[in-house]
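Given these sequences and hints, build the entire structure.
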Amino acid sequence: MKMSKTGIIDFILITIGTIICGVATYFFMLPSNLAIASVSGVAILIGKFVPLSKAMLILILNLVLLVISWFFVGREFTIKSIYPSVGLPVVMMILGHFTPNYHGVMNDQFLDMICYLFLCDLGIALMVVRNASSGGLDVLYKMANKYLKIDFGVATSVIGLFISAPAIFIYDPKTGVLSILGTYVTGIIIDHYVFGMTTKLKVCILSKKNDEICKYIIDELHSGVTRYEALGGFTGDKFDEINVIVNRNEYAKLMKHLREVDPDAFATVTNIHDVMYRPKRIAKQHNSK
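All the letters of the sequence shown, read from the start, carry residue numbers 20 to 308 under this note's numbering.
Incorrect hints may have been included.
Straight-line alpha carbon distances no greater than 27 Å define the calculated DSSO-like cross-link-like pairs of lysine-lysine that follow [as the list claims (entries may be wrong)]:
(1) K193 to K234
(2) K275 to K234
(3) K193 to K67
(4) K272 to K219
Across the chosen pairs, the derived CB separations fall in these ranges [stated by the list, open to error]:
(5) V69 to K168: 32 to 40 Å
(6) E239 to V294: 28 to 36 Å
(7) I291 to V173: 41 to 49 Å
(8) A271 to L200: 32 to 40 Å
(9) V173 to T34: 28 to 36 Å
(10) E239 to T25: 48 to 56 Å
(11) V69 to F30: 28 to 36 Å
(12) N262 to V69: 30 to 38 Å
(13) T118 to L200: 23 to 31 Å
(14) F90 to R246: 21 to 29 Å
(15) T25 to F285: 33 to 41 Å
(16) I291 to V86: 35 to 43 Å
Just so you know, these hints were derived from the structure itself, not from any lab. Note that the Cβ used here is the ideal one computed from N, Cα and C, for glycine as well.
Rendered as structure tokens:
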């Protein structure tokens, strides 16, 4: 069966995300024993008492969670979780084969935590934006939401705390506190990455050169534009308000053009986290048939 272009892009980005997570876990999380809420964090705690490599423990835990997910969460979610769940420990095993005596380069738990969070959360964000699951503890979060009716965010925080807190007693207070802090911060960083990848800007323009501005948006930026009739509250004058959604590069071009065409124009800008639309090129092809 031939894979579509979108499927190929999904596979590539999920693979890159999995590799990034594996690198972050192996080089920064494991050396400092940071039990940040994840299967890797659980493996770090268990690894204190079980004579198996962390990568092997992660693989075993992920396989157990996949079986649980199949029966209690759903087949679709489980299938999406298989690749990253197995891929991450495999990446770590490969890194361990080539650097068997690696014990960390930062020699500082706080720096290790920062490096891990920004790298691993980037990898997770790449998977999230392609509508894939990173597997692991997502299974427990889904179960808590499905059967206990606990909000997904609350489930993430509570389960994360139960994983990170024991590091205070199993290792030391500093390790435990950094693990808890990392668990809290990771969600913020993931949101930053995810919204940063999808954020667009909505620009609302009031100008006397609307026709020229609309022509530029359509012909040069190749973007759609909507016009509304607006009534000035102070003067009572009627205006056409232009609404357009652009990315940051297009926004810079639009504002440069706006300053050249009508320096007296009034414009407001709003962040848009996601947009669902039909590309204009496809729409034109459809209409020409």
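Evaluated hints:
Using a Cα cut-off of 27 Å, the hinted pair K193 and K234 is violated, with the two alpha carbons roughly 60 Å apart. Between the alpha carbons of K275 and K234 the distance comes to roughly 15 Å, so the proposed pair stays at or under 27 Å and holds. Taking the CA atoms of K193 and K67, the gap is about 17 Å. The hint holds against a cut of 27 Å. Between the alpha carbons of K272 and K219 the distance comes to roughly 14 Å, so the proposed pair stays at or under 27 Å and holds.
In this structure, V69 and K168 meet the distance hint of 32 to 40 Å, their C-beta atoms being roughly 34 Å apart. Remark: the range hint 28 to 36 Å for E239 to V294 is contradicted by a beta-carbon distance near 20 Å. Range check, I291 to V173: Cβ separation about 27 Å, and the 41 to 49 Å hint is violated. Between A271 and L200 the beta carbon distance is about 37 Å. The supplied range of 32 to 40 Å therefore holds.
Range check, V173 to T34: Cβ separation about 32 Å, and the 28 to 36 Å hint holds. Look at E239 against T25: about 28 Å separates their beta carbons, and that is not inside 48 to 56 Å. A beta carbon spacing of about 33 Å between V69 and F30 agrees with the range 28 to 36 Å that was offered as a hint. The given range of 30 to 38 Å is broken by N262 and V69, whose C-beta atoms sit roughly 59 Å from each other.
Distance hint for T118 and L200: a CB-CB separation of about 27 Å, consistent with the stated range 23 to 31 Å. Checking the proposed 21 to 29 Å range against F90 and R246 shows it is violated: the Cβ atoms sit about 54 Å from each other. At about 40 Å, the beta-carbon gap between T25 and F285 stays in the expected band of 33 to 41 Å. At roughly 40 Å, the beta-carbon separation of I291 and V86 lies within the given 35 to 43 Å, and the hint holds.
In summary, the numbered hints that this structure violates are 1, 6, 7, 10, 12 and 14.
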